[in-house]
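K.L.:
Using the sequences and the accompanying hints, generate a full structural model.
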Amino acid sequence: MKKLYSNKLVIASLVFPGLLVFLFAILAPICLSVYYGFTDYSGMGAANLIGFDNYKALLKDSTFWLALRNSLLLAIGFICIQHPLALIVAAVLDKLQGKAEGFFRCVYFIPNVISVAVIAYLWKFIYNPDFGLLNNILHIFGYQGKVNFLSKEYAIWSVLIVLIWHGFGWGMLIYYTGIKNIDPVLYEAASIDGANKKTTFLRITLPLMKPVIQINVTMAVISALKQMETVYLLTNGGPGNSTQFTANYLYQQAFKAFKYGYGNAIGVVFIIICLLVTVGLNKIFAEKTV
Amino acid sequence: MEKKIKTKKQWTVGRVLLWVVLICVAVIQIFPLIWLVDFSLASSNEMFTKGLLVIPQKIQWGNYVKAFIDGHFLLYLKNSLLINGLAVLLVILISLMAAFACKRMIWKMSGLVKTLLLLGMMIPIHATLLPNYKIYNMLGLTDTIWALLIPYIAFSLPQALFLMTGFLDAIPVELEEAAVMDGSGIYRIVFRMILPLMKSSVATVAIMTFLNNWNEFMMASTYLSSPTWKTLPFSVLEFTGQYSSNYAVQFAVMALTAAPAVLVYILLNKHITKGVAMGAVKG
Numbered sequence: 001m002k003k004l005y006s007n008k009l010v011i012a013s014l015v016f017p018g019l020l021v022f023l024f025a026i027l028a029p030i031c032l033s034v035y036y037g038f039t040d041y042s043g044m045g046a047a048n049l050i051g052f053d054n055y056k057a058l059l060k061d062s063t064f065w066l067a068l069r070n071s072l073l074l075a076i077g078f079i080c081i082q083h084p085l086a087l088i089v090a091a092v093l094d095k096l097q098g099k100a101e102g103f104f105r106c107v108y109f110i111p112n113v114i115s116v117a118v119i120a121y122l123w124k125f126i127y128n129p130d131f132g133l134l135n136n137i138l139h140i141f142g143y144q145g146k147v148n149f150l151s152k153e154y155a156i157w158s159v160l161i162v163l164i165w166h167g168f169g170w171g172m173l174i175y176y177t178g179i180k181n182i183d184p185v186l187y188e189a190a191s192i193d194g195a196n197k198k199t200t201f202l203r204i205t206l207p208l209m210k211p212v213i214q215i216n217v218t219m220a221v222i223s224a225l226k227q228m229e230t231v232y233l234l235t236n237g238g239p240g241n242s243t244q245f246t247a248n249y250l251y252q253q254a255f256k257a258f259k260y261g262y263g264n265a266i267g268v269v270f271i272i273i274c275l276l277v278t279v280g281l282n283k284i285f286a287e288k289t290v
Numbered sequence: 001m002e003k004k005i006k007t008k009k010q011w012t013v014g015r016v017l018l019w020v021v022l023i024c025v026a027v028i029q030i031f032p033l034i035w036l037v038d039f040s041l042a043s044s045n046e047m048f049t050k051g052l053l054v055i056p057q058k059i060q061w062g063n064y065v066k067a068f069i070d071g072h073f074l075l076y077l078k079n080s081l082l083i084n085g086l087a088v089l090l091v092i093l094i095s096l097m098a099a100f101a102c103k104r105m106i107w108k109m110s111g112l113v114k115t116l117l118l119l120g121m122m123i124p125i126h127a128t129l130l131p132n133y134k135i136y137n138m139l140g141l142t143d144t145i146w147a148l149l150i151p152y153i154a155f156s157l158p159q160a161l162f163l164m165t166g167f168l169d170a171i172p173v174e175l176e177e178a179a180v181m182d183g184s185g186i187y188r189i190v191f192r193m194i195l196p197l198m199k200s201s202v203a204t205v206a207i208m209t210f211l212n213n214w215n216e217f218m219m220a221s222t223y224l225s226s227p228t229w230k231t232l233p234f235s236v237l238e239f240t241g242q243y244s245s246n247y248a249v250q251f252a253v254m255a256l257t258a259a260p261a262v263l264v265y266i267l268l269n270k271h272i273t274k275g276v277a278m279g280a281v282k283g
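These protein sequences, in sequence, are chains A and B. Numbering-wise, our numbering puts 117 at position 117 of the first sequence, and it's gapless, one number per residue. Numbering-wise, our numbering puts 262 at position 262 of the second sequence, and it's gapless, one number per residue.
In case anyone wonders, no lab produced these hints; they're calculated from the structure. Predicted, not measured: the structure shown is a model, and the values here were computed from it. We treat Cβ as the ideally placed atom computed from N, Cα and C, and that holds for glycine. Just to be clear, a hint being listed does not mean it is correct.
[Said to hold, decoys possible] Listed next, the in silico BS3-like pairs over lysine-lysine satisfying Cα-Cα at most 25 Å (straight line):
{"hint": "1", "chain 1": "A", "residue 1": "Lys226", "chain 2": "B", "residue 2": "Lys114"}
{"hint": "2", "chain 1": "B", "residue 1": "Lys103", "chain 2": "A", "residue 2": "Lys8"}
{"hint": "3", "chain 1": "A", "residue 1": "Lys60", "chain 2": "A", "residue 2": "Lys152"}
{"hint": "4", "chain 1": "A", "residue 1": "Lys124", "chain 2": "A", "residue 2": "Lys146"}
[Claimed, not checked] Part of the chain A face toward chain B, derived, beta carbon under 10 Å:
{"hint": "5", "residue": "Val10"}
{"hint": "6", "residue": "Phe52"}
{"hint": "7", "residue": "Val116"}
{"hint": "8", "residue": "Trp123"}
{"hint": "9", "residue": "Phe131"}
{"hint": "10", "residue": "Ile137"}
{"hint": "11", "residue": "Phe168"}
{"hint": "12", "residue": "Thr177"}
{"hint": "13", "residue": "Ala247"}
{"hint": "14", "residue": "Val279"}
P.N.:
Structure representation (structure tokens):
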């Protein structure tokens, strides 16, 4: 058995495809990014090594910091609005039982299976000043003016609403599964002790859901950092960079502003930030649970 | 029995409130989509209404005909199905093989290789858009199916590997020992014994991979230029330019491209929920 299980040739053949894909699609591009990050390459012509100039420029680039601030806003929106709501709805849904439970669960998740392309354009229409849904709703409530939801002042909030709306079902489903995994005996014991619904939720559901909440919060922060596709289609960072996100910014710098080298420098910093945040959050949560 | 009667009677304020919250959230989640379908059946002139929904004078099925033909719906759907199907298949095979090698086989580097492969989970996909474009361009892979297949596999692999190694733990080693006694080789054990045993795990990996990649368009729009391999989201993306003033047709193409995923989700709702739940909680 042991001989068979330590056959080097077999091992190599089993891991080779995985490693090859990793090297070719993840590691090689990162290395290339590091290289171009040190150049002034525009996308055409020659690439000259310019040392850390791109990185120095990046530190002074206010748009880059704005993009990070927007990610932070989004993460706060996820954590303070989407997740509490998702958790409460999940807890309520768990108590429903029967057909209604399945129905609501299904309805909440549907936006998640729809392509970002559709979602972004749909919301563009919802925000449309002329025939958009939101302005029509405002009319019903008696407001007569037209709100331009994608103007410089409001755009970032409009983007946040779309993202919070789109991801709601996903967060809800994960909390829902977590709650389903809680031993029902605990709830019985609580009701025998005379605990009401609120106490049960605060004293049993919430503490037991801690690991799930931690995973969900970590994922929320990271997805806020990585956000690109919705923003790319909805506002493309505009108007005037007010809804810029890091991934979108590096893409624009490389392919629109023809600063391919600079775009790659942003990419490298972006990867480092994502790694640090992931590791950092895991560390914080790991310490707390001990 | 007693409990059942009790809960049925309790139409208290709390219970009503509970239903109100659930229905409100459901309306917020689903109404934009109802609005989308409603407007897709109207004519563009009818959209400038004061109400929330319009009742079309005549249902404009023609919007959908235009969307279907001019949106290259069938071609893009076929591409999406083919590329995603292949990606799912390959992700399952590669992740199962790697998981088995890292978890069960005896070699020094197993831990290191596993960590390396899992590292991909932390890398933001969009940071690789620029260098990968360059690489694919150099190798002549842009505008081929590989330009999508390779990154789709690469970015689904870490999660799949993570799930597979978790699920593999649940399979008793004794089973393999018995198979070895019977003279099975490793490949036979992996593909003939482990794979059938992990059916539900494989389904989870398949669902997660499919959901991740089905709606992807950023890489597709960077690496592809001709319609040959373009995927479903392009029906929408290309249409907005082409029919920029005919809003109703744009609504139709959006409803049409969303339809396959929504229908499949409603049909397989239970399995997908279970799959996502298993995948997400473990991941």
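K.L.:
Are the hints correct? Go through all of them and say.
P.N.:
Status of the hints after comparison with the structure:
Distance check on the hinted pair: Lys226 (chain A) and Lys114 (chain B) sit about 24 Å apart at the alpha-carbon level, within 25 Å; holds. Note on Lys103 (chain B) and Lys8 (chain A): the hinted pairing holds, with a Cα-Cα distance of about 15 Å set against a maximum of 25 Å. For the proposed pair Lys60 (chain A) and Lys152 (chain A), the alpha carbon gap of about 23 Å is at most 25 Å, so the pair holds. Between Lys124 (chain A) and Lys146 (chain A), the direct Cα distance comes to roughly 15 Å. Compliance with the 25 Å bound is thereby established for this hinted pair.
Because the smallest distance between the Cβ of Val10 (chain A) and any Cβ of chain B comes to about 5 Å, under 10 Å, the interface hint for this residue holds. At about 19 Å, the closest approach between the beta carbon of Phe52 (chain A) and any beta carbon in chain B exceeds 10 Å, and the interface hint on this residue is violated. Interface restraint check: Val116 (chain A) against chain B, minimum CB-CB distance 6 Å, threshold 10 Å, status holds. Hint status for Trp123 (chain A): holds, given a least beta-carbon distance of 7 Å to chain B, under 10 Å.
Hint status for Phe131 (chain A): holds, given a least beta-carbon distance of 4 Å to chain B, under 10 Å. With its C-beta approaching chain B no nearer than about 7 Å, Ile137 (chain A) sits inside the 10 Å limit, and its interface hint holds. Annotation: Phe168 (chain A) was flagged as interfacial toward chain B, and the flag holds, the nearest CB pair being 7 Å apart, inside 10 Å. Contact between Thr177 (chain A) and chain B, as hinted, is supported at the beta carbon level, the nearest pair being about 4 Å apart and thus within 10 Å.
With its C-beta approaching chain B no nearer than about 4 Å, Ala247 (chain A) sits inside the 10 Å limit, and its interface hint holds. Residue-level restraint check for Val279 (chain A) holds (minimum Cβ-Cβ distance to chain B is 8 Å; threshold 10 Å).
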